[in-house]
Amino acid sequence: MDEFSSRIAAYLEAKMPAVSNVEVSGVSRIHGGASRETYRFHAAWEEGGAKKERALILRRDPEASLIETERDLEYNAYKAFHPTGLPVPEPLFLETETKWLDRPFFVMEQIMDSQAASPFSPDPFGELKDKLGEQFWRYLGQISGADPDAIGFSASMEPVKPEACWKRELDKWEQVIDEDELTPQPIARAAIRWLRQNPPPPPKKLAVVHGDYRTGNFMFNGAGDITAILDWEMCHLGDPLEDLAWAADPLWAFGNRERPAGLIAREEALRIWQETSGVTFDPRAFKWWEIFAAVKGLAIWISAGKEYQSGANRDPVLAFSSWYCTDVHNRLLVARMAELREEARK
Amino acid sequence: MKPVVDNVLQGCFATLLMEVAPHLGAEYSVGDVSVMGLMLFMSAEEYDRAAEVRTEDNSEMRSIFAEAASQIEDAELRRRLGDASDMRDTSLRISALDKINDALKALLIDLQTYLEGQSGDWAAHMERRIWKHLSASAERRKLPHPAM
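Those protein sequences? They're chains A and B, same order as listed. Under the working numbering, the first residue of the first sequence is numbered 4, with each subsequent residue one higher. Under the working numbering, the first residue of the second sequence is numbered 513, with each subsequent residue one higher.
Only chain A is shown next, with the shape it has when bound in the complex (with noise of 0.2 Å):
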């Protein structure tokens, strides 16, 4: 074993009292979680005189990353859902202290035989797109429909009434915006104007928010069957349209806005969340979250760009999220806006 991945079988030896002989194999990092460093690797170990094995995801909080976030949110939304039926790998070990690997991390199952698509091609899921699209969107109608204190979620949240959700998001987005920009943001701030001009009806009641439910951010297997809900880094409690919203956004569907999330069409898929969630479609406020969702999206993007140009750190994912994703929510946005400060001036 090298140095790393005999770290990694001192803590899990260390965490599991009762087994013997720990060894860490193949462990890889995958590309692509600039949040966090994600790596596979597969554990054998001896355990009452058997020999056991297991596959397993390590999530290590970075040096800097595209969004600041802390691990313990996601390890609890997890355990959360896990027992709920949601497809979500089951978290298994959360550690803080920094001796075992340098910075905090969590230890959770891995998905095997699964794939993630990218959300930047034109059809990521080709024929299994119909079949793929129910469960997507029946999925998010589970988690807005969960009832986050039934669930232990609301336990590790920042708790919020239901009128301020919308203030509490966009203030926090607004400050990054302020905090990272490189270059004024014309289209941005023009949306946070009209953003505080006209705030949405308040959410019936408050529910879970995964923060970044998208394509991308789940797996899939070759039958086409949803097998993990990932990246909750940025899970809250707020109002469901936030994720419907987001997951919505033309950014994960090569710009096609009857089509989100590149899956089936949006009717259905609106059907399907509203059936699920057992929440009632506001396009008034859906309005207000969409373009909420762009500025999150460009703030994420800014701040992405910040980091990778001040040298804090140069995974290129930062560099090409921050060029490519601001330039296709600046088009996306700019065309919504003008239409809705047409719409002001009547």
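Since the hints were derived computationally from the structure, they do not count as laboratory data. Mixed in with the good hints there might be a few duds.
What the hints assert, rightly or not - Computed Cβ-Cβ distance ranges for the label pairs, DEER-style:
{"id": "1", "chain 1": "A", "residue 1": "Phe284", "chain 2": "B", "residue 2": "Arg652", "range": "49 to 59 Å"}
{"id": "2", "chain 1": "B", "residue 1": "Arg605", "chain 2": "A", "residue 2": "Ala13", "range": "17 to 27 Å"}
{"id": "3", "chain 1": "A", "residue 1": "Phe284", "chain 2": "B", "residue 2": "Leu536", "range": "41 to 51 Å"}
{"id": "4", "chain 1": "A", "residue 1": "Phe284", "chain 2": "B", "residue 2": "Ala526", "range": "12 to 22 Å"}
{"id": "5", "chain 1": "B", "residue 1": "Arg605", "chain 2": "A", "residue 2": "Phe284", "range": "48 to 58 Å"}
{"id": "6", "chain 1": "B", "residue 1": "Val517", "chain 2": "A", "residue 2": "Asp116", "range": "37 to 47 Å"}
{"id": "7", "chain 1": "B", "residue 1": "Asp560", "chain 2": "A", "residue 2": "Phe7", "range": "51 to 61 Å"}
{"id": "8", "chain 1": "B", "residue 1": "Asp633", "chain 2": "A", "residue 2": "Phe284", "range": "29 to 39 Å"}
{"id": "9", "chain 1": "B", "residue 1": "Arg652", "chain 2": "A", "residue 2": "Lys170", "range": "33 to 43 Å"}
{"id": "10", "chain 1": "A", "residue 1": "Asp116", "chain 2": "B", "residue 2": "Arg641", "range": "51 to 61 Å"}
{"id": "11", "chain 1": "B", "residue 1": "Ser541", "chain 2": "A", "residue 2": "Asp75", "range": "25 to 35 Å"}
{"id": "12", "chain 1": "B", "residue 1": "Asp633", "chain 2": "A", "residue 2": "Gln118", "range": "47 to 57 Å"}
{"id": "13", "chain 1": "A", "residue 1": "Thr87", "chain 2": "B", "residue 2": "Glu588", "range": "54 to 64 Å"}
{"id": "14", "chain 1": "B", "residue 1": "Asn519", "chain 2": "A", "residue 2": "Glu130", "range": "12 to 22 Å"}
In this text, a Cβ means the ideal position worked out from N, Cα and C, and glycines have one as well.
Starting from the known structure of chain A, fit chain B onto it as the hints suggest.
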């Protein structure tokens, strides 16, 4: 004959993706090389158009400022708009054009915010002009993207 820069960058993109990436052992390195290749592809387009995109942006904003300065009531904003509309791009270096572009965009935000608070046909017309410019600017910067 000499190699043209955008052609060289496109060549590097193809070599990285088709020759280098398949021979790399580490999963993460393959991903990095693919993303770097894509950025070379985008850079090839950017190399050719970068100065034009910025000079067109700057020219359009100055034209908007010149028109706005003729009618705006806020004296301080009118002075700033007048000053900006009189400036010219004296260097075609991208860094110099970007510096001016940043200053003009900051002023554009102030003007747009001001206009949103004004009623009447003139304010509506000026706001429309700004959105037309922002739309054209975003379109000029549209990146080519080979499907991944």
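Against the structure, the hints come out as follows:
Separation of phenylalanine 284 of chain A from arginine 652 of chain B is about 36 Å and departs from the stated range, judged on CB atoms against 49 to 59 Å. A C-beta distance of roughly 54 Å is found between arginine 605 of chain B and alanine 13 of chain A, which places it outside the suggested range of 17 to 27 Å. A beta carbon spacing of about 46 Å between phenylalanine 284 of chain A and leucine 536 of chain B agrees with the range 41 to 51 Å that was offered as a hint. Checked against the given bound of 12 to 22 Å, the beta carbons of phenylalanine 284 of chain A and alanine 526 of chain B, roughly 46 Å apart, lie outside it.
Our hint of 48 to 58 Å for arginine 605 of chain B and phenylalanine 284 of chain A holds, since their Cβ atoms are close to 51 Å apart. A hinted range of 37 to 47 Å for the beta carbons of valine 517 of chain B and aspartate 116 of chain A is consistent with their spacing of about 44 Å. With their beta carbons about 43 Å apart, aspartate 560 of chain B and phenylalanine 7 of chain A fall outside the hinted range of 51 to 61 Å. In this structure, aspartate 633 of chain B and phenylalanine 284 of chain A meet the distance hint of 29 to 39 Å, their C-beta atoms being roughly 37 Å apart.
The given range of 33 to 43 Å is respected by arginine 652 of chain B and lysine 170 of chain A, whose C-beta atoms sit roughly 34 Å from each other. A hinted range of 51 to 61 Å holds for the C-beta pair aspartate 116 of chain A and arginine 641 of chain B, which are about 56 Å apart. The supplied range of 25 to 35 Å is met by serine 541 of chain B and aspartate 75 of chain A, whose beta-carbon atoms lie about 30 Å from each other. The supplied range of 47 to 57 Å is met by aspartate 633 of chain B and glutamine 118 of chain A, whose beta-carbon atoms lie about 56 Å from each other.
Between threonine 87 of chain A and glutamate 588 of chain B the beta carbons are some 58 Å apart, a value that agrees with the proposed interval 54 to 64 Å. In this structure, asparagine 519 of chain B and glutamate 130 of chain A break the distance hint of 12 to 22 Å, their C-beta atoms being roughly 37 Å apart.
The structure does not agree with the numbered hints 1, 2, 4, 7 and 14 stated previously, though it agrees with the rest.
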